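Asker: Residue numbers (the numbering used here), protein chains in the order written: chain A, 2 to 351; chain B, 2 to 351.
I should point out that these hints are in silico values taken from the structure, not numbers from a laboratory. Here the structure is a predicted model, which is why all the values come from computation and not from measurement. Incorrect hints may have been included.
Below, simulated DSS-like cross-link-like pairs (lysine-lysine); rule was C-alpha separation at most 30 Å, straight line [claimed, not checked]:
(1) B:Lys177 / A:Lys251
(2) B:Lys140 / B:Lys177
(3) A:Lys71 / B:Lys194
Covered by chain A, per the in silico footprint, the following chain B stretches (three or more residues, Cβ under 8 Å) [said to hold, decoys possible]:
(4) 18 to 27
(5) 136 to 145
(6) 149 to 163
(7) 223 to 235
Not everything, but these chain A residues come out facing chain B in the computed CB check (under 7 Å) [what the hints assert, rightly or not]:
(8) Ala100
(9) Lys101
(10) Ile154
(11) Gly221
(12) Ile224
(13) Thr226
(14) Asn240
(15) Ile241
(16) Ala242
(17) Thr245
(18) Ala246
(19) Gly248
(20) Met249
(21) Leu252
(22) Ile253
Built from N, CA and C at the ideal position, the CB exists for glycine as well.
There are 2 protein chains.
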Amino acid sequence: MLDGLVISIDAMGGDEAPDMVIKGLEYFLTHEGKGRRARFLLHGDQAKLTPLLAKAPRTRERSEVVHTEKTISMDDKPSQALRRGKDSSMWNAVAAVKAKRAEIALSAGNTGALMAMSKLQLRMKQGVQRPALAALWPKENGVSVVLDVGANIDVDAAQLTEFAVMGEAYHKALYKSESPSIGLLNVGTEDQKGNAVIRAAHERLSESQLGLNYAGYVEGNDISTGTVDVIVTDGFTGNIALKTAEGMAKLIGTFFNEALQGNFWSKMLTFLNAYALFKLKRRIDPRRVNGAVFLGLNGIVIKSHGGTDRVGFANAVNIAILLAETDFMHAIDVRLDALHDEDDNIGFIP
Amino acid sequence: MLDGLVISIDAMGGDEAPDMVIKGLEYFLTHEGKGRRARFLLHGDQAKLTPLLAKAPRTRERSEVVHTEKTISMDDKPSQALRRGKDSSMWNAVAAVKAKRAEIALSAGNTGALMAMSKLQLRMKQGVQRPALAALWPKENGVSVVLDVGANIDVDAAQLTEFAVMGEAYHKALYKSESPSIGLLNVGTEDQKGNAVIRAAHERLSESQLGLNYAGYVEGNDISTGTVDVIVTDGFTGNIALKTAEGMAKLIGTFFNEALQGNFWSKMLTFLNAYALFKLKRRIDPRRVNGAVFLGLNGIVIKSHGGTDRVGFANAVNIAILLAETDFMHAIDVRLDALHDEDDNIGFIP
Numbered sequence: 002m003l004d005g006l007v008i009s010i011d012a013m014g015g016d017e018a019p020d021m022v023i024k025g026l027e028y029f030l031t032h033e034g035k036g037r038r039a040r041f042l043l044h045g046d047q048a049k050l051t052p053l054l055a056k057a058p059r060t061r062e063r064s065e066v067v068h069t070e071k072t073i074s075m076d077d078k079p080s081q082a083l084r085r086g087k088d089s090s091m092w093n094a095v096a097a098v099k100a101k102r103a104e105i106a107l108s109a110g111n112t113g114a115l116m117a118m119s120k121l122q123l124r125m126k127q128g129v130q131r132p133a134l135a136a137l138w139p140k141e142n143g144v145s146v147v148l149d150v151g152a153n154i155d156v157d158a159a160q161l162t163e164f165a166v167m168g169e170a171y172h173k174a175l176y177k178s179e180s181p182s183i184g185l186l187n188v189g190t191e192d193q194k195g196n197a198v199i200r201a202a203h204e205r206l207s208e209s210q211l212g213l214n215y216a217g218y219v220e221g222n223d224i225s226t227g228t229v230d231v232i233v234t235d236g237f238t239g240n241i242a243l244k245t246a247e248g249m250a251k252l253i254g255t256f257f258n259e260a261l262q263g264n265f266w267s268k269m270l271t272f273l274n275a276y277a278l279f280k281l282k283r284r285i286d287p288r289r290v291n292g293a294v295f296l297g298l299n300g301i302v303i304k305s306h307g308g309t310d311r312v313g314f315a316n317a318v319n320i321a322i323l324l325a326e327t328d329f330m331h332a333i334d335v336r337l338d339a340l341h342d343e344d345d346n347i348g349f350i351p
Numbered sequence: 002m003l004d005g006l007v008i009s010i011d012a013m014g015g016d017e018a019p020d021m022v023i024k025g026l027e028y029f030l031t032h033e034g035k036g037r038r039a040r041f042l043l044h045g046d047q048a049k050l051t052p053l054l055a056k057a058p059r060t061r062e063r064s065e066v067v068h069t070e071k072t073i074s075m076d077d078k079p080s081q082a083l084r085r086g087k088d089s090s091m092w093n094a095v096a097a098v099k100a101k102r103a104e105i106a107l108s109a110g111n112t113g114a115l116m117a118m119s120k121l122q123l124r125m126k127q128g129v130q131r132p133a134l135a136a137l138w139p140k141e142n143g144v145s146v147v148l149d150v151g152a153n154i155d156v157d158a159a160q161l162t163e164f165a166v167m168g169e170a171y172h173k174a175l176y177k178s179e180s181p182s183i184g185l186l187n188v189g190t191e192d193q194k195g196n197a198v199i200r201a202a203h204e205r206l207s208e209s210q211l212g213l214n215y216a217g218y219v220e221g222n223d224i225s226t227g228t229v230d231v232i233v234t235d236g237f238t239g240n241i242a243l244k245t246a247e248g249m250a251k252l253i254g255t256f257f258n259e260a261l262q263g264n265f266w267s268k269m270l271t272f273l274n275a276y277a278l279f280k281l282k283r284r285i286d287p288r289r290v291n292g293a294v295f296l297g298l299n300g301i302v303i304k305s306h307g308g309t310d311r312v313g314f315a316n317a318v319n320i321a322i323l324l325a326e327t328d329f330m331h332a333i334d335v336r337l338d339a340l341h342d343e344d345d346n347i348g349f350i351p
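Excised from the complex, chain A in its bound form:
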């Protein structure tokens, strides 16, 4: 039987699973995770996992395989996944959290399916309508939390205020921050900007007596500048902002490589640049911020990028363990309850 902190892992989720998953765990246990007492429930095909575990001794020692042959594909619609995916590796990974056999579930599989299964099995916290997906974003001094990045396409003002308190709790748990500042993403900083939903959320957050460090509206460029620690937005805008920034970072990388190509001197430069580029790449490496969390559920579920490699997956494992070690779930409950009580007191209608 496993002891210590248990992470429940969908070993079959992700573009290169299960290979990438096992390599990611081994990478984690060899680097950041060295000496950590965490253990893993690996949900997936025993026949495929056994040979991989044979080459990953640290992971094998800390893991227990829960066999299932059923998997969810990246193309399955959430409704299909719910109908046909019971007892799949993803389903079982979440089920272990529900059954309290694990603290946290982690999957690099299909986001929509993972959300649907998590919602169905773990259920939403009282008063919360749908989970929000919170991503990490590199900024000048540290990392900020952006939510929602894709789970809620249409939101109301009440959801945006819930995102604010859940994002605050998440930033506190991961970065031990005292009072992370919160911004509401908009197309300008003047009061009249944006649509009715955003203005209602802005008014509600401005009036709150919950001690939120609310900084008002922020704009797109503020996300990377790092004006605030938590950026609140709807899932449509957040998803597009996140992917647009990834695209821009990639474009600059391409342009830089092209600028360094050409003649002998350019090639020498590439060589001499290696160290500076290494440092730069480390800071903007998307793998270092891999791992988004579903917030608002009665249990923690982490979503790794489906196309990540072992280093990125190891980072998601690290986030899972950092969260499991805190009283994050309780902190969210306390803040959400306080928010909803305040809603009732002031008669807030979103």
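Since the structure of chain A is provided, determine the placement of chain B on it from the hints.
Answerer: For chain B alone, coordinates are given in the frame of chain A:
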């Protein structure tokens, strides 16, 4: 009296106006605009413009000052600007286009005020509800057009389809492209993704027989990758995507500079890197894509970034002249009419 192509310029609009405006014109006439027959109507304070023009001989030779002391501030709300801004430099710049004394108006002033004044004076093309603001975006091979980037916070499916045909006409006019590809910005590429408005626009564009090169849904990362030439989105999402990408580019610049700092060897590297960095900076220089156009009006109005310098302003002047030389306005009319006729034929209700 002026002859040749006439550009009507709000000489008092922009953070550093009128200085930056006159320097931008002089820069344009010294570089890209050398030998161009364009002439300029400069709307603004004669007392401030005369000494600046004395130091800008090429601009002085090709310009006529239309005196007004009234200006619109960057903080004025559109409604205030409309009430109090008649006969301001911005108002007069647009009025000259209405009176056919100029082909195009250009301002680096307050975006909301410029849109409101343009709409009131020039009026919308038949069937179009509000202007769309189209921006240029650097991509791997060339430049793409993104619209709307801030004029329309809430849109319906009919507006999104109008953006598609107007963006197509704009790309054709600026880049002489035969059949620019068009993508609809969404949070995924599967049919069921997005909200009802986007899905309705997708269906409408997919069914159109107008010969649009419609590529379907694109995601945030596709904007910089350059999957398509024209990216269609609502003004809220477009504005945030644009500013988020600017912020990410700036962050990478900061990280790169930090990576190059430190010891003697790093400093040598900075020096050796100068050429590669110069080439890189040229390609991602936001000034090279400065100049957004309001589409859907009976007349062309260009908006320069308020904080740009002379190089950026010169680029906006260049776009204005490129557009004025084409049959862009007629091309938009033809395509919008065809779209609206098709709407009627198929009984499209947005």
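Asker: Against each hint, give a clear statement of whether it holds in the structure.
Answerer: Status of each hint after checking the structure:
1. B:Lys177 / A:Lys251: holds (27 Å)
2. B:Lys140 / B:Lys177: Cα-Cα ~17 Å, so holds.
3. A:Lys71 / B:Lys194: This hinted pair holds, its Cα atoms lying about 25 Å apart.
4. 18 to 27: Violated - the stretch 18 to 27 of chain B has 0 residues with a Cβ nearer than 8 Å to chain A, which falls short of three.
5. 136 to 145: holds (count 3)
6. 149 to 163: holds (count 3)
7. 223 to 235: holds (count 5)
8. Ala100: violated (32 Å)
9. Lys101: violated (33 Å)
10. Ile154: holds (5 Å)
11. Gly221: Holds, about 3 Å.
12. Ile224: holds (6 Å)
13. Thr226: Hint on Thr226 (chain A): holds, closest Cβ of chain B at ~6 Å, below 7 Å.
14. Asn240: Constraint on Asn240 (chain A) satisfied, holds at 4 Å.
15. Ile241: holds (4 Å)
16. Ala242: Since the shortest Cβ distance to chain B is 4 Å, the answer is holds.
17. Thr245: Holds, because the Cβ-Cβ distance from Thr245 (chain A) to chain B comes to roughly 4 Å (cut-off 7 Å).
18. Ala246: At 4 Å from the nearest chain B Cβ, Ala246 (chain A) passes the 7 Å test, so the hint holds.
19. Gly248: holds (3 Å)
20. Met249: Hint holds; Met249 (chain A) Cβ to chain B Cβ min 4 Å, cut 7 Å.
21. Leu252: holds (4 Å)
22. Ile253: holds (5 Å)
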